[in-house]
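Okay, here's what each chain looks like letter by letter:
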Amino acid sequence: MIEVAATISFGLLGLAALLCIVRMIRGGGIADRIVALDSLLLMVVSGLAVQAAITGEDIYLDVMVVAALLAFTGTSMVANFIERRGS
Amino acid sequence: METVASVFLVAGSLLAVLAAVGLQRFDDVFARMHSATKPATLGLVLVLTGAALVTPTPGAVAKLFLVILLQFITAPVAAHLVGRAAFRAGTELSPETLVSDEVEVIMRRPPEHQD
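Sequences listed follow chains P and Y, in order.
Residues in the first sequence are numbered consecutively from 1, following my numbering.
Residues in the second sequence are numbered consecutively from 1001, following my numbering.
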């Protein structure tokens, strides 16, 4: 049951990540790209949580905490950069 | 318990797809941020809750709820920073997101003309 749900979930998260990467490539400005990167990292965190749920290993959770923190740090640094330099 | 967790995992992933579709279809940064932050945060919370329902150890549950807490704190701050930076850098708005306010005309009429 949980394996089927995890497979469906991985497929949907992969589709979402693909759409985020398309937006990052097509762009429209640095701000669009950083918004897309932020949601891509959110999907990576979700995928790690699903993997931790089906394997029951703790190591994925540590990676997940670090990825969630790095997403915020990167986004705020690039926002600072845009504000000083202009889009 | 496993059934509930499965439903949560799939629902959270569906919300992630919804956020990504919004990222494709909206026209400017601000509309895209609207779609990227809100459903994605709810989707992450659903996926992490689903994972917390099936993980056996209390430490794993604590880490999952730590990530939920961090996400609730950092997601609005990051969205605010990006939105302010994009606005100050002069990102152009899409004309389709600008609407005229029709109530304002009624509100400015003198009182005797009001119905």
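Mixed in with the good hints, there may be bad ones.
[Stated by the list, open to error] Some chain P residues close to chain Y (C-beta under 8 Å, calculated; not the full set): (1) Ala5; (2) Leu12; (3) Val22; (4) Val35; (5) Ala52; (6) Leu61.
[Said to hold, decoys possible] Just so you have them, the derived chain Y footprint on chain P, three or more residues with Cβ under 8 Å: (7) 23-32; (8) 36-49.
Simulated from the structure, these hints should not be mistaken for laboratory data.
Every residue, glycine too, gets a C-beta built ideally from N, C-alpha and C.
Against the structure, the hints come out as follows:
1. A cut of 8 Å between beta carbons decides the hint on Ala5(P): the least distance to chain Y is about 3 Å, and the hint holds.
2. With a least beta-carbon distance of about 4 Å to chain Y, the hint placing Leu12(P) at the interface is held under the 8 Å criterion.
3. A cut of 8 Å between beta carbons decides the hint on Val22(P): the least distance to chain Y is about 7 Å, and the hint holds.
4. Interface restraint check: Val35(P) against chain Y, minimum CB-CB distance 5 Å, threshold 8 Å, status holds.
5. Interface restraint check: Ala52(P) against chain Y, minimum CB-CB distance 6 Å, threshold 8 Å, status holds.
6. The closest approach between the C-beta of Leu61(P) and any C-beta of chain Y is roughly 4 Å, which is under the 8 Å cut-off, so the hint is satisfied.
7. With a cut-off of 8 Å between beta carbons, the segment 23-32 of chain P has 5 residues touching chain Y; three or more are needed, and the interface restraint holds.
8. Here's how the segment 36-49 of chain P fares: 8 of its residues keep a CB closer than 8 Å to some CB of chain Y, so the rule of at least three is met and the hint holds.
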